[in-house]
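**Q** To convert, take the position in the sequence shown, counting from 1, and add 57; that gives the numbering used here.
Accuracy of the hints is not assured; some may be wrong.
Below, simulated DSS-like cross-link-like pairs (lysine-lysine); rule was C-alpha separation at most 27 Å, straight line [said to hold, decoys possible]: (1) K158 with K472; (2) K1006 with K648; (3) K474 with K501.
Each pair of labels, with its calculated beta carbon distance range [what the hints assert, rightly or not]: (4) K1094 with K551: 45 to 51 Å; (5) A497 with H1014: 40 to 46 Å; (6) M133 with K82: 22 to 28 Å; (7) I1120 with R894: 15 to 21 Å; (8) L101 with P443: 18 to 24 Å; (9) V235 with K873: 56 to 62 Å.
No lab work stands behind these hints: they were computed from the structure. The beta-carbon is built from N, C-alpha and C at its ideal position, and this holds for glycine as well.
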Amino acid sequence: MVQRPQDKKFLVKMLDESSQIRDRKKLAERIKKLIDRYGVPEFLNKRDAFLFKMYQAFGHHFDFIAIPIIKKRLRMDTSKVILDEARPKLTAHLAARFKQKIGQNVNLLGEVVLGNGEADHRYFHYLEALEAPDINYISVKISGIYAQTHALNYEESFPELVKRMCALYQKAIDFPYVDENGVKRSKFVNLDMEEYKDAHFTLRLFKEVLSRPEFKNYSAGIVVQAYLPDAYEFQTELLDFAKARMADGGAPLKMRLVKGCNLEMETVISSLRGWPNPVRTSKTEVDANYLHILERALLPENAKALHVGVASHNLFTIAYAYLLSRKLGSVEYMTFEMLEGMADHVWRAQSQLGNHVILYAPVVKDEHFLNAVSYLVRRMDENTAPDNFLTHSFNLKPGTDTWRFLQNQFEEAYKMKDVITHIPTRTQNRLHRYTPVPPADVMKNEPDTDFDLAQNQEWVRNIFAKWKKSPADSPEIIPLQIGAETVVCEKRHKYMDRCQDDEVCVCEMSQADAGQVMKILEIAEKDPAGWRKTTLQERHKIMYEAANRLGEMRGDLIGCMCAVTGKTVVEGDVEVSEGIDYARFYTTSMKQFAELPDVDIAPKGTILVISPWNFPCAIPIGGIVAGLAGGNTVILKPATVAAPVAWLFAKAFWDAGVPKEALQVIITDREALKVLTTAPAVKHIILTGGTDTAQNIARSNPATPLSAETGGKNAIILTASGDRDHAIMNIVASAFGNAGQKCSACSLLLVERSVYEDKNFQDKLKDAATSMKVGSVWNPGNVVGPMITNKNDKLLKALELEKGESWLVPPRFLDKHKYVLAPTVKWGVRPGNYSFRTELFGPMLSVVCIENLQQGIDLVNSLEYGLTSGLQSLDEGEQKLWKDSIMAGNLYINRGITGAIVNRQPFGGMKLSAFGGGVKAGGPNYCACFVNIADKPGSTTDYTQSYVKAYEQEFAHARDVNNLYGEQNAFRYLPLKNMVLRLFPGDNNEDAKMIALAARICHTPLSISFEPGDDRTAALASLGCPLKEEALAGFLKSMKNYERIRTCGADIPMEMYEEAARIDKYIATAKPVKDGRVELIHYIKEQSISFEYHRYGSILEVPPVE
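Let the hints inform the model, and build the full structure from the sequences given.
**A** See the structure below:
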């Protein structure tokens, strides 16, 4: 039926969004927009086409009439594919199929499982269904009956799932049914396979439960997916298990052989995570594997112990199975299995041939029908694919081109079936030595650990065995490094394990005093090892070697983060990957500048990196590599409470070839820190920390350039056009990951009123938040660990309610020292409230009611910060309005707002979330901030041409350099609101003209200010910029009116630096250069936009990059 691509897009979007948008007026408008965009579908009959045209013309205005009719029609038209669970409708359907001798594999659809509450509800629903006398066969998914199935929760989830599956099997035994011959039989429970991540776990669960004596005589089934290379080994394991059971007098088991229906989602996950796709690479391979497994399954000695369900609509596959089973004599052990409501003529034909047919029958209660639409969308996407048999099955006749196409498909698969290999693609093994990556000109992101693999779970246990200290262990004493020498100081910081009630000391680290800091500064300034003389290529090679060593010490870095900072394994793992990415990326990104023909590049000198405790591995690595990449010497002052992590990873750089004099790692007392941050030897400071810290540093040393990523009060807006379930998953992950201690964490949730007032939404958000496992990081199943401090005064104040506020999830401390706070949700927060405007750095989410998206945008933009921001909406118009209006550095649409990845989502904010030139960490221009770039003497570059060319090639257009499957990551440059150029008598007019041209090309409004008596009016009037003659005092007062200040050099009055620091403004002081790739960076700010555009893995259209 669905032939035109736009008809499929319309139908899928209408089905999908009708299930998500509960606001009737919004849905009416949305359906009208879809008709306007895609047209009235051609597959409709004349009557329905006319009705759609009437709706398009005026019917959408009458939403109170039209929407109920549309939803009722959708339910009616899908009633054969998704059955109504209500009695007596289901009773009549099951009775009719029983009379036809057609089996019904009942699949209970329902609400998305976001937490323990819904999982328990679904579990009891299965138990209840097994008591019904007319339901004799059900399919169960482990993710539907238990909410905590993530890999590292194995020790808790496996026993609990064993318990639940035992109860289901026992219920199937206790409530037998009577077959068509009047014989009582136990009901059948089929264990479904879903995502690859759960495949091995599900098989282990199946075998564990059915190994119990009480189920020795019970027959149950499990799905095997032929699109997995692992499928043959799964079958081997099942055959061995089933035969052993039968040899011991037990009942046979069953394998339901499917091709697999999660291909698109597996592809999305693999693309995002950088893991090999676990699915076979072509349909021919999948079909060949299906035939190969089928042949072995139908051998009598195998089929007798492991019955087989041939799940396929493909006539060629069905015919082959039919003929082969008759030839081998295994017909009695085989069933043909198809989808209820799809290509009914196929199963009827098999039934008429006397074959046993079972139909996979999704059922849902009417009130939950819209939650079943995701099943419809996936089926429609799968069954309308160009190479899918069902696409061609209507009016299929032998001898036609379509028949020959399908015949050829089968024959190609048949030829391949006996030569196909069965090697799984997901073979990552952290127990093995790290495989070094050679230096390259293009950085490839380092994959995170795949914790679903058993060998990597063992690796985690080894980490804990090494790093979870006991009171009997002697703490390591970390010395102070002064160049190539080390000394153990009397003054040391002790690191206590907060997951063990501060009773175990992990290590102690020596602290530098002011005198020792002076020595460290002197070594860095003199650079006795000659790091500044190294070439970029030499540094590139060393950084890749350092990255390889970081990869080798991944386990120790994670263990150290667990012990010292209370990071969970998963959070620590992604940090190590990010640190490796930084080590490889920055020298790579420097090459684009080194290759510019008409500029000279020189290191600035000494770079001071001050890093935070919440990302103790990735962020300091990023800072030191940014400095080292340009040939600078670096002093790293990590946050004292997290410093042992830095000491550990520094060894990777030293061992890779970075001289210890070029990279020094220290912690200090307060007096010595002031010496460090105000030292003339330091030529640039890189800070990640609090906004107040950045302000204090800038004001105490205003002339030293500061690049700082600071605070955030980050919000996700959920409109009535959003997918609420998907939004909740993203919200809780963004709000409570790392105990909310991320500068990017979601602290505010702004919800459109119709959603905000929906009790079902409130219950789901509460269920998701309260179901997160909280506690010690030494329990790998916990996803929320301890906070770094129990003295966070801002958070403690926010735990008090203001007028009109209430607790959706009240605060609960789970340990005696109050480090562990369970996820907390405050309801009814208003824009003026303390919790609305204050960065809290803890696991607390404040929920605000908004009337519409525009109000939400205005509220978010009213905050002092602008780091990350998120939108949950399926409406393209809302998406465009939001991303073109919101003032934040990193934007996220329909996904979480944390977890930026190097070169994928360059990271950095706006407003008080960033200090410096608006250049993002992990982006293409970051390293250029830490070198001096000047025109070569006698440069002949025509800047008027260079600026235009550079703007068009680099700055004018948004781009996505990653091209991931299902997620777009756009990087774009935005003009500044305004800018002022301050000229001094020594500045030449040509520099001013260069600056004015660069600003105009970048669409940044520029004003020019100059001293009285230094009138530039005649020389600069033709530039078209506002010109203002004013004394320095008057100019200083006006600086607050501009987003950025530009000068022709760094030799400017100290008063300018001091005023800029006081009002949190950045002065771009680099002398203008003729190469536009360098110069234009000063007149823009950068923004990253990450957009998850797939739906359940399905991709209807790729959005434009803009």
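**Q** With reference to the structure, classify each hint as holding or not holding.
**A** Going down the list of hints, with the structure as the test:
1. Restraint check for K158 and K472: the C-alpha separation of about 36 Å exceeds 27 Å, so the hint is violated.
2. Restraint check: the Cα-Cα separation between K1006 and K648 comes to about 19 Å, which is no more than 27 Å; the hinted pair holds.
3. Pair hint K474 plus K501 does not hold up; C-alpha atoms about 35 Å apart against a cutoff of 27 Å.
4. Taking the beta carbon of each, K1094 and K551 are about 49 Å apart, inside 45 to 51 Å as hinted.
5. Distance hint check: the CB atoms of A497 and H1014 are about 26 Å apart, inconsistent with the given range 40 to 46 Å.
6. Evaluation of the 22 to 28 Å hint for M133 and K82 yields a pass: the beta carbon distance comes to about 23 Å.
7. The hint said 15 to 21 Å for the Cβ distance between I1120 and R894, and at roughly 20 Å that hint holds.
8. For the pair L101 and P443, the supplied restraint of 18 to 24 Å holds, since their beta-carbon distance comes to about 22 Å.
9. Taking the beta carbon of each, V235 and K873 are about 59 Å apart, inside 56 to 62 Å as hinted.
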